[in-house]
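Read off the chains here:
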Amino acid sequence: MIDTNENIKKLLRKVTVKSELNLLLQASEELKKNIYRSVPGKVEGVLKTLLSERLVKVFTDATALYLREGKPAELAEFTENLKAEFGKLRVLKLYMAFEPSEKFLESIKNWVEEKVGEDIILEIQEDLGVLGGARLVFEGKFKEITLAHLIDSFFKEQREEILYALKD
Amino acid sequence: MQEEFNNYLNKTGEIGFVTRANHPWVYVDGLPGARPEEIVIFESGELGQILSLSEAHVEAVSFSKATTRVGERVVRMDKTLEIPVGDGLLGLIINPLVHSLNPANPVPVLNETRAVNSTPSGIESRSKIKNPCETGVTLVDLMIPLGKGQRELVIGDQKSGKSRFLLRSLLTQVKEGAIGIYAVIGKSQIAIKQIEGFIRSAKIMERCVIVASSADDPSSLIFLTPYTAMTIAEYFRDAGKNVLVVMDDLSTHARVHREISLIGRRFPGRSSYPGDVFYIHSRLLERAGNFKTSSGDKSITCLPVAETVQGDFAGYIQTNLISMTDGHILFDSKLFAEGRRPAVDPFISVTRVGRQTRSGFKIEIGNTLTSFLKNTEKLKTFASFGEEAGEHIKKMLNKEIRIWQFLDQTAYDTIPGNVQVLLFGLTWSDLWQGKTKEEIKQAIQKIIFQYELDKDIRKRIDEYVGGRRSVRELLERIGEFDFSHA
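Line order of the protein sequences matches chains H and D. Position 50 (the first sequence) corresponds to 50 in the working numbering; numbering is contiguous. Position 2 (the second sequence) corresponds to 2 in the working numbering; numbering is contiguous.
Be aware that a few hints might be false.
Claimed, not checked - Simulated crosslink set (DSS-like; lysine-lysine; CA at most 25 Å straight-line):
id: 1; chain 1: D; residue 1: Lys334; chain 2: D; residue 2: Lys203
id: 2; chain 1: D; residue 1: Lys437; chain 2: H; residue 2: Lys93
id: 3; chain 1: D; residue 1: Lys203; chain 2: H; residue 2: Lys143
Unchecked claim - Heads up, incomplete: computed chain D residues facing chain H, CB under 7 Å, no partners named:
id: 4; residue: Leu9
id: 5; residue: Gly30
id: 6; residue: Leu31
id: 7; residue: Pro36
id: 8; residue: Glu37
id: 9; residue: Leu335
id: 10; residue: Gly339
In short, the hints are calculated from the structure, not lab data. Yeah, the Cβ is synthetic: ideal placement off N, Cα and C, and Gly gets one too.
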């Protein structure tokens, strides 16, 4: 007996960012369309065009069990439940000045899971104006911990001193 | 704009993202601390107002003409909509957000702001309507008198002379020292220009404020227009002035509210209007009245306008407005076509609180005119049978013609109250019996001009009329005041 919910949870733990989530959704839709069609290698071929190598392996591992045990109906249920579980995830948006590496993303995800909760997914947006640090948006709340904001605040607070120094 | 947006973002620590836009409605994801009626600012710098909250999103309307982009960031401003108010608004023509519509005449910096939506004052701060509100239009002042603080609905078809009457009332009241506020709700640019043109040519602009929204403005902005006008009126009332507010027109306002509600998927009620269409007008009109202030009794007199189609004043919005006002003046397009000016039907028009402001003498004049004109209307039905009418009936019918001629006000903007009474006396007595229409017209013209230009004549008339207490007393020496021969 395959525990679909557990399977989904395992899959979600391996997903770090929202863009990956969207791709996995597309992949599961593609799989759902082809559950009752036997065209060898077709689904795998589509998955390779949609997903990165890591995600292809992650997704294939999650779904292979159903195919091995010949349970297409449960596989269909898996894709439906996956969609529902994806919808329940809470999104933490991060505006950063650079595109982080996978390792860096992994460490952020782990920290967030530990401190905030397991049902969080990251959405990274590149914004050069940030300079350093990040802007965080989570459930409508906003926090700016950026270098740009720090510099801006510094110049506002020290305006008089700077002007005085420049005049000298 | 960006700086203002960032300031509010840092202040509130909350952000929202537009997920769906159906202009003017905007559905925002985020803003956990949002409250109804709170103002929001978009990344583009445009303002909006939150109208409702749901589990999934915040529903707001944008005050911008341009459609809001999906994904645009929104920040709440932690306050309800407020407008700057002050004496600096006098002489300006502004939009409902108090931005000047004339770039050559910007809105000055004003220190005070007031909330656009405020709760009407309770009964303890209100006073009985005691002072007459002269409109300068004889038919209204004598037969359908108004009081300061009254809400009198002006209702009629398009092009039946309503605007002319409203501008005349504004002129008379401003000349008496009141502040005039004209709310132009969703009209064409030409109509706005015409209203502005009349007010400027009458040289009363420096004591008036025009709050205007044109038909191509966003519906959310048009909806705000009468509330902004009323807020400005409240400021001037509290500053110790009487105010006359004209709202032209509330049937357009109701249509705009319907449009906004239907786009926002609110459940349609009768004639597809939303269920709160009565409330949006009643809470507005309840803010007018006669109030006890630190500088004595000060009033906000309100003349809301309702348009009818082919004289149907039993429509939904029209009956709503009739029920929530202190009377109505009905403009009949048939009378307008017959050449009657103003085209007011005095028999269907009603004033609920105006008569208590008039002296017994003026009430007697009004009653005399009304009953006489009613009786002659009935007489005409018999006279039309074609039989030879008796002398008495002929006299009455001729008198009726003279009375209608006296009530006709095509040529004159306003007629002072004492002149109205004098002219009534001259017409009611048989002094002008036998005169032709043209002669009566010229006689009236002479008296009005002489009253305006000659101080002695004015003094004499004011003293004579002021000292009379009944129609009988008025007619005693009326012949002395027939200046038409001078």
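Here is how each hint holds up against the structure:
{"no.": "1", "hint": "D:Lys334 x D:Lys203", "in the structure": "violated (33 Å)"}
{"no.": "2", "hint": "D:Lys437 x H:Lys93", "in the structure": "violated (83 Å)"}
{"no.": "3", "hint": "D:Lys203 x H:Lys143", "in the structure": "violated (55 Å)"}
{"no.": "4", "hint": "Leu9", "in the structure": "holds (6 Å)"}
{"no.": "5", "hint": "Gly30", "in the structure": "holds (3 Å)"}
{"no.": "6", "hint": "Leu31", "in the structure": "holds (5 Å)"}
{"no.": "7", "hint": "Pro36", "in the structure": "violated (16 Å)"}
{"no.": "8", "hint": "Glu37", "in the structure": "violated (19 Å)"}
{"no.": "9", "hint": "Leu335", "in the structure": "violated (60 Å)"}
{"no.": "10", "hint": "Gly339", "in the structure": "violated (64 Å)"}
Violated hints for the displayed structure, listed by number in ascending order: 1, 2, 3, 7, 8, 9 and 10.
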